[in-house]
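> Residue numbers (UniProt numbering), protein chains in the order written: chain P, 1 to 498; chain A, 1 to 470.
By construction, these hints were calculated from the structure, which means they are not laboratory data.
Nothing here was measured: the structure is a model prediction, and the numbers come from that model.
It is possible that part of the hints are untrue.
[Stated by the list, open to error] Derived Cβ-Cβ restraints for the label pairs, each shown as a range:
id : chain 1 : residue 1 : chain 2 : residue 2 : range
1  : A       : SER349    : P       : HIS482    : 57 to 63 Å
2  : P       : ALA33     : A       : ASN77     : 43 to 49 Å
3  : P       : GLN29     : A       : ASN77     : 45 to 51 Å
4  : A       : ASN287    : P       : HIS359    : 36 to 42 Å
5  : P       : LEU13     : A       : GLY395    : 40 to 46 Å
Heads up, the beta-carbon is just placed ideally off N, CA and C, and yes, glycines get one too.
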Amino acid sequence: MNILSLLILIPLLTVVGILLVKSDKLIRQIALAGAVLQLLFSGWLTAQYVSLRNAGATAQMLFESSRVWFRPLGINYHIGVDGISLVMILLTAAVVLAGVLVSWKIEKQVKEFFFMLLLLSVGAYGFFISLNLFSMFFFLELAVIPKYLLIGIWGTGKKENNAMKLALMLMTGSALVFLGIVGLYFASGWYGGEHTWDIMKLSHMHLPMNVQVIIYFLTFIGFGVFTGMFPFHTWAPDGHSSAPTAASMFLAGISMKLGGYGLLRVATYLMPDAAREYSWIFIIPATIAIFYGALATLMQKDLKYMNAYSSVSHVGFVVLGVAMITKVAFAGAVLQMVSHGIMTALFFAAIGMIYDRAHTRMSNELGGVLKQMPFIGTIFFIAGLTSLGLPGFSGFVSEMTVFVGSWEHTGLFYRIATILAAASIVITAVYILRATGLAIWGTITKKEYALLKDAGWNERWAAIILIAGIVLIGLAPFLFMHLINADVQEIFNRLAAG
Amino acid sequence: MINESIIILRFEWLIALMIVVLFVLNLMGVDKNPKRFMNIVNAMLVINFVAGFIPIKDGYLFQGFYHTTALIVLEKNILNLGLMLIAFSAKQWIIESKRPAEFFILMFSSVLGMYVMLSSGHILVLYLGLELSSLPLAALAAFNTDSRKSSEAGVKYILSSAFSTGITLFGISLLYGAVGNLGFDAIIQHIHEDALTLTAFVFILAGFSFKMSIVPFHMWTADVFEGAPTPVTNYLAVVSKGSVIFIFITVLYTVFGKLENAWLLAISVLSVLSMTVGNIFALRQQNLKRFLAFSSIAQVGFVLVGIAGASNMGTDSVVYFLVIYLLSNIALFSIVEAISDETGKVTISDYKGLYKSNPFYAIIFTVALFSLAGVPPTAGFFGKLFLLTSGMGSGMYVLLGFATINLVLSLYTYLRVVKAMFIDPEEERMPLIKKSVLTNFVLAVCLIGIIILGFAGVFYQYIDSISSQL
Chain P
1 MNILSLLILI PLLTVVGILL VKSDKLIRQI ALAGAVLQLL FSGWLTAQYV SLRNAGATAQ
61 MLFESSRVWF RPLGINYHIG VDGISLVMIL LTAAVVLAGV LVSWKIEKQV KEFFFMLLLL
121 SVGAYGFFIS LNLFSMFFFL ELAVIPKYLL IGIWGTGKKE NNAMKLALML MTGSALVFLG
181 IVGLYFASGW YGGEHTWDIM KLSHMHLPMN VQVIIYFLTF IGFGVFTGMF PFHTWAPDGH
241 SSAPTAASMF LAGISMKLGG YGLLRVATYL MPDAAREYSW IFIIPATIAI FYGALATLMQ
301 KDLKYMNAYS SVSHVGFVVL GVAMITKVAF AGAVLQMVSH GIMTALFFAA IGMIYDRAHT
361 RMSNELGGVL KQMPFIGTIF FIAGLTSLGL PGFSGFVSEM TVFVGSWEHT GLFYRIATIL
421 AAASIVITAV YILRATGLAI WGTITKKEYA LLKDAGWNER WAAIILIAGI VLIGLAPFLF
481 MHLINADVQE IFNRLAAG
Chain A
1 MINESIIILR FEWLIALMIV VLFVLNLMGV DKNPKRFMNI VNAMLVINFV AGFIPIKDGY
61 LFQGFYHTTA LIVLEKNILN LGLMLIAFSA KQWIIESKRP AEFFILMFSS VLGMYVMLSS
121 GHILVLYLGL ELSSLPLAAL AAFNTDSRKS SEAGVKYILS SAFSTGITLF GISLLYGAVG
181 NLGFDAIIQH IHEDALTLTA FVFILAGFSF KMSIVPFHMW TADVFEGAPT PVTNYLAVVS
241 KGSVIFIFIT VLYTVFGKLE NAWLLAISVL SVLSMTVGNI FALRQQNLKR FLAFSSIAQV
301 GFVLVGIAGA SNMGTDSVVY FLVIYLLSNI ALFSIVEAIS DETGKVTISD YKGLYKSNPF
361 YAIIFTVALF SLAGVPPTAG FFGKLFLLTS GMGSGMYVLL GFATINLVLS LYTYLRVVKA
421 MFIDPEEERM PLIKKSVLTN FVLAVCLIGI IILGFAGVFY QYIDSISSQL
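So here's chain A without its partners, still in its complex pose (with noise of 0.2 Å):
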């Protein structure tokens, strides 16, 4: 029994040992001495990348409170990728702010909270892991304290996160009131479609919309984007977002799959505001970081569409464009973070004649942008267009032809940045950016795998495998 927790929850274990370990070392000083601190962080991260592929078998615990399964343990491995080469590029920024211990215990836990919150079969635990995963993260975000931005982001954070954690919560109990039982498959079984059901559903849809900032439910996310540390916004925008969307799909699909007739067109109208708003907006943002927040938000109108696909086409398009996504936008904020680290500069003008001054960021900051936009031979094309091809399985014509407006609309506004690089003459010449060593790995990892991913569909195929087992 001991041995089977410990191998079924290794994930959680293996993070929860590298908090104490950070405690322990924050204790001996080890963090005084930032560069040493950050190798031994770097280290375990690695290790604890690597442990994640050591082969796992599906299981249940605390009388499936708890369980896990192959998708599940593929999800974990892409998030902790996402970890490793987000604390690979923030290297430089954390050992510049002297409280590395801090600042990884707090990230740490987040991740903590995903995992139990990837891995729940009850809906308490669920929201158990929703709140030790977003709590941090306000305290992240507003990580530099002398900067009034980062305040502002943080209190942005916590307030919107409160707010929306008590509507889920609210949305839980009515449909406590309405099941009698919370564990999902009892829910399962029960739920059938009511006023009660559908109101706790509203309200339920409503929170994890907050935090994959979906519109109407996305006011903080521009702002906590710009205002956060780049390492905890691309945090934010990757790993974070990544992990609600994932436990979204099992919630919808398998607790909620009773009620596919109602949140089908409530998925698809979300689906169609996102994508509009975050595109139209993305356009006229300067910043960015603001221009990411909106791109990512109009992304996950298109993660949208793979949704309302409702089958295992659905679940295997949105994990795989998650992958490709997670590269593109780390790839995207670990060169903002270098340039901005640099220069302080993080505008568009800004970027004119990047290729110019420094082609190689220039090139892997397009190839990524182009994966975004789904223009080939990215991987970002087959992602984007799985999605919308797992959406047409519904049969949803209406919100398809949004999608493929909203297709033309994005080319349009990352063709705007792409434009600004290459063909805009340089305004202010842009030094030459110091390449650190592990920014690089990161960014050579990342345009590796925007390139590869697309022509391998072993890997599309494993996925699909492993979700159609459930």
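In isolation and in its complexed conformation, chain P is listed as follows (with noise of 0.2 Å):
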């Protein structure tokens, strides 16, 4: 068996597992055991990774297995990965871990929580690896009704019909998704010489321009969808808000990144001549997307409506780098997708806290949590921050990678477009600072916000580790971009080669 499978079979595992026991205490140490392996699994491949390629390995793909699924369809289980997809696979397994941290404490329907969402980090890892169009999209699939059940069961609010309406439109996007890679399958056949869903061969082949832009609409707005990008974007704001702490955490730090890196191996790498004509097109949505997303957050007081909406217009950066095709700015587009995931899921976090001791998340109740609650407020501040751009966190260094990179360009379009993502920093900051300001700092408004507790050990440990990866990240890019470095070298030359 190949060691890559082995990161879908320990959540698989887990959620079995789950299935089998009984007591809730056994659930939950169940589920945290299968989280942490997990990362420390992710971890020891990365490491072995390294060493591999150090050692002179130079296949695009490390640890690839091949497995027949349905030879007529010629659909293999392909898996294998590179420097993008292992970082994606890092962060996933950080945001999981963190995920069944802060959900410890879930008193309902405990085994059906945990089963749901482990089962969607199946998807996501499954998605990561796989270099196979079909299985990459099964486990795209895999990776939205359990969103569904997750939001409509243990979800807040108007629960049923944010969690009807995020279903529909991901599922929308998947279908568009579908559209593109049938007709990759077909087109394959007709002008490649062989019907192929394998992501390596198509990438060797090269389709006729009318077709690859068919294809490219298809699969880059059916991953936008994923992405939240304008003008699809409605789904965000509202299953993000109801959903249960994990899930607003796996939502925002990981579905959301699905569709990034569908963006970027399938629709771009996959489509160059179409990517290098067209994808100015969509610097347009995620422009609007940057800047709507953060002037819609000035508006929120419920602070996980101003997370989804900043979540929104900070995925409108991963649009930006991928539509704005140099290589610097595929860099901060897989930087910004796990800076932000992580970011994301810390805010997250740190506002399902809140919730659960205060009851309410309008950043106008609240107030004086940090005198009360130090760590919660602390970690809250800290997200911020990274929110902000503050330089020595994540969200600095992937940001600037993307401006950096978009300024390569010298049209006038381009510049306005990376002018007005730069200038939506400073409408980030005034939202941030306010809600900080009115919800974390200033005296306790009300009286019974004294006797409420500070963040237990489990809440402690989700935040240190997500901390400890934005600080990673903030401090040692270096690490990351050597990484996915020569991988991004590889879809950049394949769209230059054209």
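Could you use the hints to bring the two separately framed chains together as a complex?
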């Protein structure tokens, strides 16, 4: 068996373990053990990857293996990782572990909750390691429906509607993706000599321009729905805010990144000519998402809505980076995916902790959190600072890289987009500092808040893991750059070659 | 010669033998003790199912009026499985109905008709089989003689069935006028696109559409599904529909293969109509049996997308999908039946909070619904997407666009029921349903099948290997 399959097998066995045991305590422990094991394994895998690369492994994908699934249709379970997928796997492992930790106190249907959460993670891991478009799509869809139940059952507010909205919009996105990849399957047979779903094979084919254009738009918009690209972002704020804390963390932290990864790996990499010609079109919705998302955030009083809209804005940078088609911008997009994934997970975790205690998420009703709950107040503040791009934290590094990459284009259009995107950081500072000022600093507004307890051990650990990630990227971005550099170069070369 | 006809006609002989045994048992009065009688019938069905797997050579009989191939054997095995599972899950109801012999004689006659139809090599044999398979169904639909709705269902079914038969027959006579022969081989040789042949084709297509309940020939479906006893509905939705779809592909691909340009458009239009109307009407249903009726209409629409692929992949994906469709629907109907037998509740709002009161049923119901909606990791995901992939093969992009819209629409439809079971607060607590062993067995088989089939690429490969021999 290929070692990479463990990435799917560990969460899968965890899921089975959860189903088999009865007591809630045991379920939590199994889920935690599975998540910890997965994070350790991902770390070990990364170390292996780096040492292989240093030893001179030149293959584009490492740990590659392929198994026939549906032979007549050319569907294989073909897996392999490069630097980009590895950082996404690390991100997923960290966010899932933190998600399990913050959900420790969930009392309602514990078994089902952890079952769904870990099933979602199976989808994410499978998606990042798949090199066959069909199996990739299988895992993408696997990561949609459990969200519906997670939000519908454990959510808050108008959860039924928001869960349905999310499920249908993501399903529409994936339907578009499916049309695109089926198109690729047939086009590869008609123009490339062999019907195939295989990304590695497709990446060596040159399809006619008119075919590329259609498939490019289908897949870009399809994956764009997952990233919350304007105007398909409406599922994101509603879905995020209704979801239970761990699901919000997963949704914003990983789910939206599935889209970003697909934009890069499928839409851009496999349709290079179309991407070169038409990617500028997507700069417009990306810039709108960044700017409009930031403005919309200004209006939010509900902290969860605030972070959800801010996610739309931040993930806009990913789309912007991908659409800019420069090597640095690609690297920035990947970094931004990881950085935002960790940061937003931390943010949602902090908001969830506050909500669990104060039973409100309204920034104007809260106040003095820092005094009463110094730990939670601090992690909220750290997440905020990362969000507004303070140097030393990950947000600064990744957004800066995107801007630098974008600035390589000299056209007026690109310059305007870059300037607008950069300007959004100012707005970010406004809403973050205002929310922090209202909710975290200041005096304690209600008497009952004085009785609230600070974070428990589980919440502390969740926060520490995520903050470690943020600081690591912020202070030592070269580690990650080193990991993804060659792969970003490969994608860029294919685009430049045309 | 005698030997050969026994071996090649094995499936039909077995069913006929079972009918005779039932008559004898009836005469001996064994059916006065329904429990014992049911055990005998179930044992026979198991033997029948297992015997289906004994290898059998391809062959012709009666100058090509009857033939069998590996694909036909597989199709009959699939139907055998469906028949067995339905009989198992219906045990309780049949015992209470007090007329088990009658029920099974009718059902087996209908199955006999289907097998003749599947193996037919001549349109008259096909017609004979079609009739034999649908007439007993009318009696079955009206099996609850003391229920007005059941009688209504029976009458509706027989009328619409007779009407569609008339249309088919008219088409067949026109075809005879155009080609001069009704043997499949002769038609394949002599058919060519002209006005008379096309008219004949349209009438025959309309007749088939009635049986498959394709929009706009679906009017009977919801009422009959609702009125008929649940096991009969199950049989109608799964075995009856499945067998007609099986023979429909053969007729379309081989007999009318040369008219492909003409029927591609017709199939596409019917497909879009069925999917859209099925999904939209399913949205408005409260009664689960009606809901499943419209869902089955929509599913047939998806099957037509696969058929529109007009290639080997079309056959593969349709056969593969139908197995999944069969398992999913049997699971759904078995649960509807178990719950309505016990409590008389059949509406979606009755199912609110089902997960709290009967988690086992709720989970299997959800998995089966997800399988129909095409949500991974259920096999329905693969089945649905293979149908769509097949449809893409013939370049029907508009059809595919509609199919993807309907994929989302159908998810909404099915999620509505899932929501009732898992999310909505219960209005009136449903008692814990007594679980009969056989029903549980059926559900377990369906559940395992729904999960396993998606990962068993071998099965798909097997279908592909036998369908490419044709």
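> Looking back at the hints listed earlier, which ones does the structure fail to meet?
none
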